[in-house]
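Here the protein sequences line up with chains V and X, keeping their order. FYI, the numbering for the first sequence is 1 to 110, going by my numbering. FYI, the numbering for the second sequence is 1 to 117, going by my numbering.
Note that these hints are calculated values from the structure, not bench results. Given the structure is predicted, the values throughout are model-derived calculations rather than measurements. The beta-carbon is built from N, C-alpha and C at its ideal position, and this holds for glycine as well. Among the clues, some could well be false.
Said to hold, decoys possible - Some residues of chain X that are not near chain V, with every Cβ distance over 10 Å (derived):
(1) Pro28
(2) Lys53
(3) Asn74
(4) Ala75
(5) Thr114
What the hints assert, rightly or not - For lysine-lysine, the following PhoX-like pairs were computed, each having C-alpha atoms within a straight-line distance of at most 25 Å:
(6) Lys68/V <-> Lys47/V
(7) Lys106/V <-> Lys68/V
(8) Lys13/X <-> Lys47/V
(9) Lys55/V <-> Lys76/X
(10) Lys68/V <-> Lys55/V
(11) Lys76/X <-> Lys43/X
(12) Lys44/V <-> Lys106/V
(13) Lys47/V <-> Lys106/V
(14) Lys47/V <-> Lys43/X
(15) Lys55/V <-> Lys106/V
(16) Lys13/X <-> Lys53/X
(17) Lys43/X <-> Lys44/V
(18) Lys44/V <-> Lys55/V
(19) Lys106/V <-> Lys43/X
What the hints assert, rightly or not - For each label pair, taking beta carbons as the anchor points, the in silico distance ranges come out as:
(20) Gln16/V <-> Asp73/X: 45 to 51 Å
(21) Pro7/V <-> Thr87/X: 28 to 34 Å
(22) Ser25/X <-> Lys106/V: 29 to 35 Å
(23) Gln56/X <-> Pro42/V: 47 to 53 Å
(24) Glu83/V <-> Gln82/X: 36 to 42 Å
(25) Ser63/X <-> Gly15/V: 39 to 45 Å
(26) Glu89/X <-> Arg63/V: 35 to 41 Å
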Amino acid sequence: QSALTQPHSVSGSPGQSVTIPCTGISSDVGGYNYVSWYQQHPGKAPKLMVFDVNKRPSGVPDRFSGSKSGNTASLTISGLQAEDEADYYCCSFAATNTFVFGTGTKVTVL
Amino acid sequence: QVQLVESGGGLVKPGESLRLSCATSGFPFSGYYMSWIRQAPGKGLEWVSSINKNSQTIYYTDSVRGRFAISRDNAKMSLYLQMTSLTAEDTAIYYCARGGLTRFDFWGQGTLVTVSS
């Protein structure tokens, strides 16, 4: 299966909002409400930020929110902070009981 | 707290085998799906395999099916990945992660596997 499509990079100033789109197809993003998002700082393990499209694990700030429309899911970071600078990956459950990750997006805080 | 610690990575030659282990603590291991996810140097994340609570349901990504085998020992709270016929394309950090039904909610720090002659 092909990786989900994400922009290579997005940037924003502190306090601003950024949105990261994640585009798949009807047999992954479009077919299931099992999209999750992961934050990865350099040299660190990924951390779950959003699951089931729009749910946040305990401890994740409500500045992070998820949504989905058709074959595209999105992660929005509101009130951007310096510590949000990291790589972000989307992931979707897919047909034949597999998972597919996105290509990854580098978020830069200007 | 939830902890996952991978081990077993290293440098191997093409065609050789390697067994990764993931020791867990801080949660009821036998109640969770578990998974392996890898990341090639400088690249993105790639799901490798998942196993359900009682090892009766196992899934693999196409590129490793037939070469890799995921397993678990609930008594030892450990997850394993037996890798055979390794190629340069398998070079990556291998992460053990809790979950595999809809999401991966805790990750280990990873173990590096390098396949090179």
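To see whether the hints hold, each was checked on the structure:
1. Distance check for proline 28/X against chain V: the nearest CB is about 17 Å away, which clears 10 Å, and the non-interface claim stands.
2. For lysine 53/X, the non-interface assignment is confirmed: its Cβ lies about 15 Å from the closest Cβ of chain V, beyond the 10 Å cut-off.
3. At the 10 Å boundary, the C-beta of asparagine 74/X stays outside the reach of chain V, the nearest C-beta of that chain being 21 Å off.
4. Non-interface status of alanine 75/X relative to chain V is upheld: no Cβ of that chain comes within 10 Å, the nearest being about 26 Å off.
5. At roughly 17 Å, the least C-beta separation between threonine 114/X and chain V is larger than 10 Å, which holds for a residue marked as non-interface.
6. This hinted pair checks out: lysine 68/V and lysine 47/V have alpha carbons roughly 20 Å apart, not beyond 25 Å.
7. Between lysine 106/V and lysine 68/V, the direct Cα distance comes to roughly 20 Å. Compliance with the 25 Å bound is thereby established for this hinted pair.
8. The suggested pairing of lysine 13/X with lysine 47/V is violated, with an alpha-carbon distance near 32 Å, which exceeds 25 Å.
9. Between lysine 55/V and lysine 76/X the CA atoms are separated by roughly 32 Å; this puts the pair beyond 25 Å, and the hint is violated.
10. Annotation: proposed proximity of lysine 68/V to lysine 55/V holds, straight-line Cα distance about 12 Å (limit 25 Å).
11. As the CA atoms of lysine 76/X and lysine 43/X are separated by approximately 32 Å, the hinted pair breaks the 25 Å bound.
12. Restraint check for lysine 44/V and lysine 106/V: satisfied, since their Cα atoms lie roughly 14 Å apart, inside the 25 Å limit.
13. Between the alpha carbons of lysine 47/V and lysine 106/V the distance comes to roughly 15 Å, so the proposed pair stays at or under 25 Å and holds.
14. At roughly 17 Å between alpha-carbon atoms, lysine 47/V and lysine 43/X fall within 25 Å of each other, so this suggested pair holds.
15. Between lysine 55/V and lysine 106/V the CA atoms are separated by roughly 22 Å; this keeps the pair inside 25 Å, and the hint holds.
16. At roughly 33 Å between alpha-carbon atoms, lysine 13/X and lysine 53/X are farther apart than 25 Å, so this suggested pair is violated.
17. Between the alpha carbons of lysine 43/X and lysine 44/V the distance comes to roughly 14 Å, so the proposed pair stays at or under 25 Å and holds.
18. Distance check on the hinted pair: lysine 44/V and lysine 55/V sit about 23 Å apart at the alpha-carbon level, within 25 Å; holds.
19. Between lysine 106/V and lysine 43/X the CA atoms are separated by roughly 12 Å; this keeps the pair inside 25 Å, and the hint holds.
20. Between glutamine 16/V and aspartate 73/X the C-beta distance comes to about 48 Å, which sits within the given range of 45 to 51 Å.
21. Between proline 7/V and threonine 87/X the beta carbons are some 31 Å apart, a value that agrees with the proposed interval 28 to 34 Å.
22. The hinted range of 29 to 35 Å is satisfied by serine 25/X and lysine 106/V, whose Cβ atoms lie roughly 33 Å apart.
23. Between glutamine 56/X and proline 42/V the C-beta distance comes to about 38 Å, which lies outside the given range of 47 to 53 Å.
24. Restraint check, glutamate 83/V to glutamine 82/X: a C-beta distance of roughly 38 Å satisfies the suggested window 36 to 42 Å.
25. Separation of serine 63/X from glycine 15/V is about 42 Å and conforms to the stated range, judged on CB atoms against 39 to 45 Å.
26. Look at glutamate 89/X against arginine 63/V: about 37 Å separates their beta carbons, and that is inside 35 to 41 Å.
Of the hints listed earlier, those the structure fails to meet are numbers 8, 9, 11, 16, 23, in rising order.
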